[in-house]
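Asks: Read off the chains here:
2 protein chains.
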Amino acid sequence: MRNFKIVLQYEGTRYKGWQKQGGTNAGRREDAESSDSSFLETNAKEYTIQGKLERLLSRIAGEPVEIHGSGRTDAGVHAYGQVASFHMDTKLTAEALMEKINSYLPEDIAVISIEEVPDRFHARLGAKGKTYRYRVLNSSVPHIFERRYVWQVPEKLDVQAMCKAASYLEGTHDFKAFTSTKKGKKSTVRTIEAIEIVRCGDEIHFTFRGNGFLFHMVRILMGTLIETGKKNRRPEEMPAILESGLRENAGPLAPACGLALMEVSY
Amino acid sequence: MRNFKIVLQYEGTRYKGWQKQGGTNAGRREDAESSDSSFLETNAKEYTIQGKLERLLSRIAGEPVEIHGSGRTDAGVHAYGQVASFHMDTKLTAEALMEKINSYLPEDIAVISIEEVPDRFHARLGAKGKTYRYRVLNSSVPHIFERRYVWQVPEKLDVQAMCKAASYLEGTHDFKAFTSTKKGKKSTVRTIEAIEIVRCGDEIHFTFRGNGFLFHMVRILMGTLIETGKKNRRPEEMPAILESGLRENAGPLAPACGLALMEVSY
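Chain order of the listed sequences is A and B. Quick note: the first sequence uses this note's numbering, first residue 5, plus one each step. Quick note: the second sequence uses this note's numbering, first residue 5, plus one each step.
Treat the hints with care, since some could be wrong.
Since copy identity is lost for identical chains, a pair holds within one copy or between any two.
To be verified - When the alpha-carbon atoms are kept at most 25 Å apart in a straight line, the in silico SDA-like pairs for lysine to any residue are as follows: (1) K168 with T97; (2) K95 with A244; (3) K168 with G80; (4) K9 with I148; (5) K187 with R128; (6) K20 with P110; (7) K20 with E150; (8) K20 with E111; (9) K20 with D112; (10) K104 with R151; (11) K180 with T195; (12) K9 with P259; (13) K234 with N106; (14) K160 with L109; (15) K187 with L161; (16) K20 with F149; (17) K235 with H91; (18) K20 with R152.
Derived from the structure by calculation, the hints contain no laboratory data.
With the rest of the complex left out, here is chain A (with noise of 0.2 Å):
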């Protein structure tokens, strides 16, 4: 079998999020329930990307293909680069399996490169970074054309507030107060490498790069950081938010529409 890497971008605003419905591995649900009716014809806002994906994938090779993302990207989020890995029988080049996938997939979701990796390349598993967008349109003056990928934040930040904030956040820490996970038996900790602000503009970009996120846990890092840049907040409430591990000391789960899952390395 050979193994591909592909990278891929979409638009998250009429999906699920990445994740399949029923589980981690290989759920059945999901595609039990399309087994009858055309993968092209399906209603996108009741599926999930990595399912269209599958779907897609099992159609071309003619048999179940189970298609690994990087991790999950929650409904409404977007992604430039989210990676996945999937093993396939297929005689095509890369390039013309990337061709024959972007055929058949909906105008919100595209392959933007391919290649062909070593077997035993897995793309959750093999991930050493990954960096998320978080775009903040910061003016009362509603932007038509990016609406769908900004949260617009009408009153006026202070960018040295949240850039302090920020320095509190970055390392490594128990992120338990910025989760939306109930259940406590994995680990909460996480090393965020670098929190960036920078106003363009009428926006303020937020670049979170880390070893890895927790599920809701750039967006409450988001909620966090606004009401600090609003000054409803100080910045030195951080280490004790921290400290705490209750998520009721942090901030508010931010939109999804202004996140965007950038790129993973590897």
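Take the given structure of chain A and dock chain B to it, following the hints.
Replies: Here is chain B on its own, set in the frame of chain A:
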């Protein structure tokens, strides 16, 4: 009555274009259809931008308000800087009126500036020049996030050849061959001040500046220029096409989605 000039942005994807169904002047057909349902709950796909704005302004004013755009935009064409004017009795400041309008507008239309102007100002009659931009994505890889705003042309395009063809089209000409209007009563002579063609990464941007453009004119110019870029037509053919005045001698109608009205000058 106070007279207001507004600058509008809209994403044309969902709309039947700028102009109200039922004629150039305060047509009643569209208004009548919607009179018994809330203007906030209309199915936008059936509506025009002008119709939507007139219903909204009439509600705010409590009496019929007529709005004049600088000109029509076709179904699916976008605007970064459409200008419109309307007379209205209101005690609101211009800024408060803009805020009120924006609070009722759907998320794909926004007023980005407003000013009170002398009574004689009329957005259509006073317009001296217009700038349109057409975006071509010159790549075989689709651009997920910009797909609503570009025409994807994967074939290799010769920018030099297109620039040469454009130079024949600049100036004052009878553009009868470049319009879809059948009736030949009105003058089809227009002046194109400049056609600028610039490669920006994997996109090519075409900027058209002129004193006015006929129905479908920019899109037929684009269809013709792209044929030249693909080497299916020689730049030197342009004068003969203009001369002929025959629509069938020009190229195909380029898709609406790549086109945007950028600016109107007075």
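Asks: For which of the previously enumerated hints does the structure constitute a violation, in increasing order of number?
Replies: 1, 2, 3, 12, 15, 17
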